[in-house]
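There are 2 protein chains.
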Amino acid sequence: MSTFTSSVFRTETMTVPGGTETILRGGQDLFPLLPEALHGARRIGVLGWGPQGRAQALNLRDSLAGTDVTVSVGLRPGSSSAEDARKHGFTEENGTLGDWLAVAADSDLLILLIADAALAANHEKIFAVLKPGATIGLSHGFLLGHLKATGGDFPAGHPVIAVCPKGMGDSVRRLYEQGATVNGAGINASIAVHADPDGHATDRALAWSVGLGSPYTFLTTLENEYKSDIVGERAILLGAVHGLVEALYRHFRIEGADPVSAYERSTEAITGPIARTISDAGLPAVRAALSEADQDVFDRAYTAAYGPARELVAEIYDEVADGTELRSVILAEGRLATRPMTKIGGSPMWLHAAEVHARRGTATIAIDPLTAGLFVATMVAQVDEFADRGHPWSEIVNESIIEAVDSLLPYMHARDVAYMVDNCSRTARLGTRRWGPRFQAAYEQIAIPGLTDPADTTLLKSFLDNPTHAALAEAAKLRPSVDISVS
Amino acid sequence: MSTFTSSVFRTETMTVPGGTETILRGGQDLFPLLPEALHGARRIGVLGWGPQGRAQALNLRDSLAGTDVTVSVGLRPGSSSAEDARKHGFTEENGTLGDWLAVAADSDLLILLIADAALAANHEKIFAVLKPGATIGLSHGFLLGHLKATGGDFPAGHPVIAVCPKGMGDSVRRLYEQGATVNGAGINASIAVHADPDGHATDRALAWSVGLGSPYTFLTTLENEYKSDIVGERAILLGAVHGLVEALYRHFRIEGADPVSAYERSTEAITGPIARTISDAGLPAVRAALSEADQDVFDRAYTAAYGPARELVAEIYDEVADGTELRSVILAEGRLATRPMTKIGGSPMWLHAAEVHARRGTATIAIDPLTAGLFVATMVAQVDEFADRGHPWSEIVNESIIEAVDSLLPYMHARDVAYMVDNCSRTARLGTRRWGPRFQAAYEQIAIPGLTDPADTTLLKSFLDNPTHAALAEAAKLRPSVDISVS
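Chain order of the listed sequences is Z and E.
In the numbering used here, each residue carries its 1-based index in the first sequence increased by 113.
In the numbering used here, each residue carries its 1-based index in the second sequence increased by 113.
Just so you know, the hints here were simulated from the structure itself, not pulled from any lab data.
Backbone N, C-alpha and C fix where the C-beta goes; we use that ideal spot for every residue, glycine too.
Hints may be right or wrong, so weigh each one.
Unchecked claim - Only part of the chain Z face toward chain E is listed, based on derived beta-carbon distances under 10 Å: (1) 366; (2) 420; (3) 436; (4) 456; (5) 457; (6) 460; (7) 551; (8) 552; (9) 553; (10) 562.
Said to hold, decoys possible - Simulated crosslink set (DSBU-like; lysine-lysine; CA at most 30 Å straight-line): (11) E:261 x Z:261; (12) E:244 x Z:574; (13) E:200 x E:238.
Full structure from sequences and hints, please.
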């Protein structure tokens, strides 16, 4: 599953627990190979100008500058994004901005980056206008899930590929720009080849991924991508983080902490020092950074949280794999047609975000051992569940750890957690609202009351010996040398 | 939908908003009519000895004492319930206790009260041994939902009826015993006639309901029963209550209340004075009992909670109607096969239950206006959603109000809310764990932060003018004159 060959790029073999995976290391030096690797695709169309659409259109255009490959953006009539696209140089005048169906009809590689609900509603219309043999490109597996749930399918005769950056659109663009002077930087991406009628689908996907600036590209299936992506955002990437900080903030407040301290010990500790420590040195480094007394708290917190967190990740996984989760999204879209989604940013903690952010120059944020134990246990629970369900290790570490500490948590650090939830994709927002409170309840009702129990040394040993640490260290070797930050 | 006729019982017409519904008033004076109304069913078999199985078998045996109709209990081989059934007089020696399939094969009316999961796994085995023309009896619509989800059906040629007491099994028995001296008492029940090949299904259902002691019986469909039952337990009957008291307890604690006060202002206020006030005098009486200043708090709380609560009830309703909720239960049963369900009773509030209960003789519990506003808004949200979805008014007031204030909240008052959740049916436990935290988050993130907004006078007026108050008052006329309490 995680082995592939390319007729254009020189792939490498990465050692992962229990074996190896083929990967492709990215870099600006590969940009001259992109036209060849696209195997005849000369017109790339990007539908949509959300964060991913904008980032991918801009990165591809920059990477393909000076070649005969063009990148165009297609928008729905009256789209409010048109002005911003023009500001970024995609204009009707130069022929790189047009009606979405016109762009779809004109593309050799059509990248579908419109919102999930729009894709669900309009994919047939889009498929109907495609050039014969044009490649269909996706950046996550939602459409596959939708087609399965509704009995549909991709049109025959078209290559169907996915390139899925393991980070937010904003990060995809920002790191690419930051890396311009150091032979590239970006967000790791998985590729999937779902249909390959002309035998060149893998190379096209690799070209697209390299063009986005992915430091390394690994192979998965659209099915596995879909499951890990949707589960991940409902668990450690977003839902679990939100549930955890809501539980911790209230816990610290009830224990007597003032609002700013409670915020700093929960949200600020996670999005700041815990995320940075994991990014720099891996998961066990979080525990190692603590005093002996704090390690005991960490160990008991880890012990108390691992079980309920694992149970919730398994529940989410079952519901995503079964299609239940997607049915719930479709039902929600029906209700949301007549009333807007409420926001979750009203809960009291977020009133203190500005004050906490203002203290950043002067206050030193320690790693709270309770916060760290609960967070790391949840992250490892997701890793272990994904490993048990047979995902490739590159996907596991990217979807459970790297995307969190290098893309989402830094973004939450710059804004706040609730802001991020209220402003991400509808599928992710709905999922976070659905599962965040479940994590909160699990921490409040099971994990935190369980802190008085002794640490489980077997569980702690299996944390310290977890194969994910080696897989993460391998992946870290491919990291670009740019600073990951949010402006 | 809510009109029926009987060839044996004298039905009545109840005035409800927008029209009338046929109902049957119960009472011990009707017991002599039961054999006739059973139309040839002489052997009643009850499968299962959970709270409903025990209560129904005992009540039916008592009501049919001295007639030629027998009531037998069927249990799975090795069932741990056999000893308790024998203690209650159902024995192998007197021919009223046997293997479940033997009892199934021998019954003219077979009442299926085994657990949902057991019913899902074994209904085909049971259907295969039925006597020709034997009546299949259910006490809620779960099996219909399961059959729809799995493409199955009830066997042809058999009457299929349901009698669904709107209260816990414990209440069904306790009130029946308490009412022995006052011409009967019990829990209201809905009936549904799903298949009626011999034309006597309605009378049999009425006989069963009267035999249970139902003060009044109303008609619904198995489909509507299923939806209102499953939605109700996930919302105001259980899930919303749990989420609400978790949110309120933490809110009061953070505001400075000690644990006992926080418990009394949240859980104790709801299960005590709020439930009693609604039971005695209806929903507006809760507001009327408050001082003017407290009414303002109530109004703002009601305003802030109604919208998010209604949204959640609608979401639950959609998922139950769609089958998504049932798929989730089936998936959970798969995971629970290898690991036990965790308990939710560990959260800090419940440590103080004993202390609060011990104060009952001396402390006077006031109606906290915030608690009351949030609770009543949620109850009305469920009422309004059920009304919009076309449920009969008897079902609406029983499933949203009467069952809560006369059965479940008194039980929670005697134990505590988490104890009740951890000890109810698996379907209800799973649902509460799934939706309780969603309500908690809605109160914490939306309703409580919204308390600073002014009250919505239009919304308040539509509360005070809500047609449910008239429907509830009509239903209250049929209430037995026994005290509702939990030993």
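Hint-by-hint comparison with the structure:
no., hint, verdict
1, 366, "holds, 5 Å"
2, 420, "holds, 7 Å"
3, 436, "holds, 8 Å"
4, 456, "holds, 8 Å"
5, 457, "holds, 5 Å"
6, 460, "holds, 4 Å"
7, 551, "holds, 5 Å"
8, 552, "holds, 8 Å"
9, 553, "holds, 6 Å"
10, 562, "holds, 4 Å"
11, E:261 x Z:261, "holds, 20 Å"
12, E:244 x Z:574, "violated, 60 Å"
13, E:200 x E:238, "holds, 28 Å"
Of the numbered hints given earlier, the model fails hint 12 alone.
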